[in-house]
Amino acid sequence: MNLADGGLGSTLEDCLDLKISHTPLWSTRAATDDEKSAKLVEAHLLFLRAGARTLLTSTYQAAFNTFEREGYSRAEALKIMSKAVTIAAQARSQFHAENANVQPHQIRIALSLGTFGSTVVPMQDFGGVFPPPYGPKAYSDTEENTNTFGNDTEGEEKSIQALANFHAERLIAYTEMSDTWDLIDCVAFETIPVAREITAIRRAVTVVTALLQEKGMRMKPWWITAVFPEGQYPEPRFPEGGRISANEVAALMIQDEAVDGQGRPLATPSGIGVNCTAVKYLQELLDQFKQACGQTIGEGNEWPWLIIKPNGASGVRDGWADSMMMLLEKVQGQGWRGMVVGGCCKAGPDDVGRLASNLHSANFAST
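If you read the sequence shown in the UniProt record's numbering, its first letter stands for residue 1, the second for the next number, and so on.
Errors might be hidden in some of the hints.
Unchecked claim - Using C-beta positions, here's what the derived DEER-type ranges look like: (1) Glu144 <-> Glu98: 49 to 55 angstroms; (2) Asn65 <-> Glu284: 31 to 37 angstroms; (3) Asp185 <-> Asp256: 22 to 28 angstroms; (4) Glu302 <-> Glu257: 14 to 20 angstroms; (5) Pro229 <-> Pro265: 18 to 24 angstroms; (6) Ser73 <-> Asn101: 42 to 48 angstroms; (7) Glu144 <-> Glu42: 40 to 46 angstroms; (8) Glu70 <-> Val102: 31 to 37 angstroms; (9) Gly261 <-> Pro236: 23 to 29 angstroms; (10) Lys19 <-> Ser73: 23 to 29 angstroms.
Calculated from the structure, these hints are not laboratory results.
For each residue, glycine too, the CB sits at the ideal point set by N, CA and C.
Please take these sequences and the hints and turn them into a complete structure.
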């Protein structure tokens with residue numbers, strides 16, 4: 001069990017009064033100047049002091065198109081992307097200085113990379129309505145919106161490749177900043193709302209892994225988490241109707257037979273799971289993730305890590321941590337290689353602290 005942080009952007013706003021939600025860069029904006037960066041360090045420290053041992057970087061919306069909308073050049077964007085990782089490492093070092101019994105290597109830094117939908121206007125983390133070529137059509141206030149290509153297989157393949165290129169481009173950018181890459185322990189692809197983006201991410205990591213191997217480098221452990229607003233995946237099933245199930249989503253993340261455009265087996269994530277979803281939906285969703293692993297990998301084989309980062313419950317003092325504990329007691333020992341557990345939007349340091357206390361009281365092993 002590894003305890004991760006909570007909602008970084010909402011913590012910056014709610015706890016440190018840094019107004020960032022009106023900007024395309026969201027939490028990445030906190031890395032754009034020294035005054036904001038000091039608050040970003042403090043936000044990371046709040047979670048570490050609460051008991052978190054995995055920090056997600058303030059890079060969820062750090063993509064070249066979002067930087068361009070804010071007026072930054074590509075060179076400036078790269079500096080800010082690197083700085084966001086460096087700030088997490090700075091917080092790690094400062095916490096170690098405060099707590100000598102916690103070694104730096106015990107605190108992991110996860111590079112947060114959001115869905116393509118986090119970079120468009122309006123944001124499509126939850127809807128998955130992407131403009132061409134990433135999706136069938138851009139979001140409209142006046143017309144019916146769709147996030148699926150239906151029976152247009154050619155359009156879907158072009159979309160997968162465009163999304164793969166998007167994810168590969170910014171991942172490659174981090175690998176080319178060697179000092180920054182060395183600070184990163186793992187990579188988190190978060191809040192993925194459509195099935196084809198899962199395939200695209202796996203295709204992107206396949207390409208990046210090959211490029212790194214050519215340089216004598218290695219890909220970091222990585223995970224994919226999907227989003228289930230109101231307990232359902234945003235993408236409809238075509239042509240049957242209804243929504244794509246959590247079982248199908250999890251299977252897409254791990255199935256071995258998937259190949260990229262060149263016939264290479266797709267890279268398989270080290271972890272899979274759910275983020276930015278209400279706690280009350282998790283039990284059913286994770287039951288389906290378990291079922292998918294049993295069917296796809298098998299009961300006797302090693303499963304990936306399970307990643308659980310639900311939204312907080314505003315105004316509820318102990319309910320979030322207590323609900324998480326009830327869930328974790330059921331999930332523990334199901335065959336997962338391990339678990340990374342934390343929060344997403346509106347899950348603050350107090351929530352993570354109460355969960356840390358509950359985990360300690362219940363003697364959950366820390367990894």
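To see whether the hints hold, each was checked on the structure:
1. Glu144 <-> Glu98: 49 to 55 angstroms: Between glutamate 144 and glutamate 98, where Cβ atoms are some 54 angstroms apart, the hint holds.
2. Asn65 <-> Glu284: 31 to 37 angstroms: Distance hint for asparagine 65, glutamate 284 holds at roughly 35 angstroms.
3. Asp185 <-> Asp256: 22 to 28 angstroms: At roughly 26 angstroms between Cβ atoms, aspartate 256 and aspartate 185 fall inside 22 to 28 angstroms, so the hint holds.
4. Glu302 <-> Glu257: 14 to 20 angstroms: holds (18 angstroms)
5. Pro229 <-> Pro265: 18 to 24 angstroms: violated (32 angstroms)
6. Ser73 <-> Asn101: 42 to 48 angstroms: This hint holds: roughly 43 angstroms between Cβ atoms.
7. Glu144 <-> Glu42: 40 to 46 angstroms: Holds: the Cβ-Cβ distance is about 44 angstroms, inside 40 to 46 angstroms.
8. Glu70 <-> Val102: 31 to 37 angstroms: Distance hint for glutamate 70, valine 102 holds at roughly 36 angstroms.
9. Gly261 <-> Pro236: 23 to 29 angstroms: Given range 23 to 29 angstroms: holds, Cβ gap about 25 angstroms.
10. Lys19 <-> Ser73: 23 to 29 angstroms: Given about 24 angstroms between the Cβ atoms, the range holds.
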